[in-house]
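*Asks:* Chain by chain, the residues run as shown.
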Amino acid sequence: MTAKAYIGAGAGFAGDRTDAAGPVVRALARRDGPRFLMFEVLAERTLALSQLERRRDPQRGYNPAITRFLGPVLADCLRDRIRIVGNFGAANPRGAAEAILALAREQGLPAPRIAIVEGDDLAGKLSAAELAARESGSAILSAASDVIAANLYLGAGPIAQALNEGADIVVTGRVADSALALGPLMHAFGWAADDWDRLAAGTLAGHLLECGSQITGGYFADPPWKPVPGMADLGYPVAEIDADGGIVIGKPDKTGGRVDRQTVIEQLLYEIHDPSAYLAPDVVLDIGGVTVQEIGPDRVRVTGARGRPAPETLKATVCVDGGVLGEAEISYAGANAAGRAHLAATTVSERMARRAPGLVFRVDAIGAVSVLGAGDGSPQRAWPSDSSDIRLRFAAQSRDRAQVELLLDEVEALYCAGPAGGAGVRRHLTPRLASASCLIERRFATPRIVMLGAGA
Amino acid sequence: MTLRTVKLHDIANARSGDKQNRLNIALVCRDPAHYAAVAEQVTAGRVAEVFAARRPTRVVRYDLPLLAAFNFVLDDVLEGGVNASLGLDGHGKSLSFLLLDIEIAIETPVARLSQAGHRSA
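Line by line, the protein sequences give chains L and B.
Our numbering applies: residue 1 is where the first sequence begins, and numbers increase by one.
Our numbering applies: residue 1 is where the second sequence begins, and numbers increase by one.
Note that these hints are calculated values from the structure, not bench results.
Ideal Cβ positions, reconstructed from N, Cα and C, are used throughout, including at glycine.
Please note that the accuracy of each hint is not assured.
[Unchecked claim] In silico DSS-like pairs for lysine-lysine, Cα to Cα no more than 30 Å straight-line: (1) Lys315(L) - Lys19(B); (2) Lys226(L) - Lys19(B); (3) Lys19(B) - Lys254(L); (4) Lys93(B) - Lys226(L); (5) Lys315(L) - Lys125(L); (6) Lys93(B) - Lys19(B); (7) Lys7(B) - Lys19(B); (8) Lys93(B) - Lys315(L).
[Stated by the list, open to error] Cβ pair distances, simulated, as ranges: (9) Gly15(L) - Ile102(B): 27 to 37 Å; (10) Ile102(B) - Ala133(L): 36 to 46 Å; (11) Ala129(L) - Asp63(B): 35 to 45 Å; (12) Glu107(B) - Ala29(L): 42 to 52 Å; (13) Ala129(L) - Glu107(B): 54 to 64 Å; (14) Asp32(L) - Ala105(B): 24 to 34 Å; (15) Arg426(L) - Gln41(B): 35 to 45 Å; (16) Ala423(L) - Ile102(B): 28 to 38 Å; (17) Arg4(B) - Gly71(L): 27 to 37 Å; (18) Met1(B) - Asp222(L): 20 to 30 Å; (19) Leu429(L) - Thr43(B): 22 to 32 Å; (20) Ile366(L) - Glu107(B): 24 to 34 Å; (21) Glu106(L) - Ile102(B): 54 to 64 Å.
Put together the whole structure using the sequences plus the hints.
*Replies:* Below, the structure written as structure tokens:
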């Protein structure tokens with residue numbers, strides 16, 4: 001019977017470092033037992049952007065960075081039988097799999113056996129109105145006609161099955177992030193689909209790994225209170241998991257970062273709401289009894305996950321058109337910068353009240369009052385009076401693009417018709433997607449596995 | 001032992017996470033000895049005051065004594081969330097450090113405070 005399985009994280013988000021997986025693969029190669037390299041690169045809105053891309057070009061819509069992530073490690077993984085599991089597929093898992101086959105050809109490697117997990121896409125299964133009736137926590141969908149993307153979070157079952165069928169690489173679309181680890185563990189240890197405490201432990205392992213370096217010193221440093229050595233060469237996590245679900249988190253030798261009680265607990269609670277009920281497709285995870293123990297340099301043991309039966313419904317993320325976000329900026333510096341910036345803001349407000357009275361917009365004074373501003377646009381802290389370097393930022397969003405452009409025009413006009421010394425105007429329009437969560441009956445989940453490459 | 005007022009930042013770590021229009025902030029005592037003081041003083045009501053300008057509709061604190069940690073969940077504070085907010089930080093990622101800016105009274109040997117920067121308190 002398998003004693004231990006090893007899972008390394010190659011990336012924790014779509015924009016992550018593409019050279020992080022190398023040291024992780026070298027660390028995995030020195031271990032005996034089932035070994036997996038996991039890539040979580042599919043954020044909520046990434047999938048909707050990918051759907052839009054696929055509408056424009058049916059060959060695309062998968063993670064375009066796939067060759068940059070896999071290029072440096074594919075040969076080593078295939079040679080050392082380190083199996084790769086990633087949600088590179090986004091809106092087009094088959095396209096991602098074909099891109100990997102092309103990469104293997106390019107590198108002169110034998111064709112890998114690639115499993116595609118399909119069935120997360122709800123297109124054609126539920127109408128916009130049926131999705132709106134299942135919306136949870138907001139009411140975005142009732143006003144929308146065109147659903148750009150509707151995808152269920154699939155669980156770990158199809159990933160485990162794909163590995164059972166001999167896949168070297170598993171490419172998914174939308175699955176629960178934690179399933180990228182739980183699937184390999186169900187495969188490695190043969191955990192049953194109702195072995196709730198072990199499924200909970202596997203889900204916890206996935207949760208700890210899914211953000212990559214966020215558990216090894218990334219998103220943590222705040223020196224001198226929280227120093228992190230080697231930020232430029234952070235080691236990404238490698239977890240060893242035993243058949244009972246005990247987890248040890250570590251990182252490759254000779255890499256930067258740190259793994260200790262502090263880094264692990266911050267990630268343990270990341271994006272958690274009720275710690276006794278973290279809902280995943282396969283299990284409800286309770287972390288209330290979890291303990292975290294330093295057992296060596298950069299080695300932390302995590303135990304005590306408890307599980308309850310899986311929720312009756314599955315979560316889906318549904319994206320609709322959100323209009324356009326317009327942003328324009330202008331700087332004021334030196335003597336009386338704050339006074340002139342304030343005059344610029346009130347001038348634009350007065351003009352906009354006449355030209356687009358219904359448009360809500362926001363003003364930030366970057367460097368003084370920006371991210372701490374209140375939700376209604378009024379500054380949470382007093383308007384700065386002592387800053388000599390202020391960059392004003394105006395922002396508005398609407399489905400009416402012309403209205404948003406009026407705001408940007410007014411900011412640009414400050415160059416001549418505004419206060420003295422206004423400098424450096426920049427303006428941007430960015431298409432936006434609105435996203436909603438829906439709770440969907442399990443019968444709409446129809447995962448299936450398609451094999452490509454060797455033996456397919 | 002003496003009673004001292006310190007920034008929460010001197011004794012605790014915090015990390016924000018978002019889901020739609022809901023923010024969570026995990027607050028972790030670097031030294032578990034401070035857990036009781038934080039539990040008593042950093043209540044859900046006090047956190048609601050810190051973020052009052054964002055008009056939270058609900059603030060819940062979950063206690064994790066085995067981890068010397070707390071999880072605060074604030075509803076409807078992210079201006080609609082990352083896909084709707086006009087602000088630069090639609091995720092609310094920076095807000096954990098706003099919480100760490102508040103003050104707290106702790107009973108502590110003076111020597112321990114000077115070691116606040118060292119790991120594994």
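*Asks:* Decide, hint by hint, whether the structure agrees.
*Replies:* Verification of the supplied hints:
1. Lys315(L) - Lys19(B): Holds. Lys315(L) to Lys19(B) sits at ~13 Å (cutoff 30 Å).
2. Lys226(L) - Lys19(B): holds (26 Å)
3. Lys19(B) - Lys254(L): violated (35 Å)
4. Lys93(B) - Lys226(L): Holds, because 17 Å separates the two Cα atoms, which is no more than 30 Å.
5. Lys315(L) - Lys125(L): holds (15 Å)
6. Lys93(B) - Lys19(B): Between Lys93(B) and Lys19(B) the Cα gap is close to 12 Å, so the pair holds against 30 Å.
7. Lys7(B) - Lys19(B): Answer holds: Lys7(B) to Lys19(B) is near 28 Å, not above 30 Å.
8. Lys93(B) - Lys315(L): Holds: Lys93(B) and Lys315(L) sit about 23 Å apart, inside 30 Å.
9. Gly15(L) - Ile102(B): 27 to 37 Å: holds (32 Å)
10. Ile102(B) - Ala133(L): 36 to 46 Å: With Cβ atoms ~42 Å apart, the hint holds.
11. Ala129(L) - Asp63(B): 35 to 45 Å: holds (42 Å)
12. Glu107(B) - Ala29(L): 42 to 52 Å: holds (51 Å)
13. Ala129(L) - Glu107(B): 54 to 64 Å: holds (60 Å)
14. Asp32(L) - Ala105(B): 24 to 34 Å: The hint (24 to 34 Å, Cβ to Cβ) is violated, given that Asp32(L) and Ala105(B) are roughly 53 Å apart.
15. Arg426(L) - Gln41(B): 35 to 45 Å: About 44 Å separates the Cβ atoms of Arg426(L) and Gln41(B), which means 35 to 45 Å holds.
16. Ala423(L) - Ile102(B): 28 to 38 Å: For Ala423(L) and Ile102(B) the Cβ distance comes to about 37 Å; the hint holds.
17. Arg4(B) - Gly71(L): 27 to 37 Å: violated (54 Å)
18. Met1(B) - Asp222(L): 20 to 30 Å: At 27 Å between Cβs, range holds.
19. Leu429(L) - Thr43(B): 22 to 32 Å: violated (43 Å)
20. Ile366(L) - Glu107(B): 24 to 34 Å: violated (40 Å)
21. Glu106(L) - Ile102(B): 54 to 64 Å: With a Cβ separation near 55 Å, Glu106(L) and Ile102(B) satisfy 54 to 64 Å, so the hint holds.
Consistency note: the structure conflicts with the earlier hints numbered 3, 14, 17, 19 and 20.
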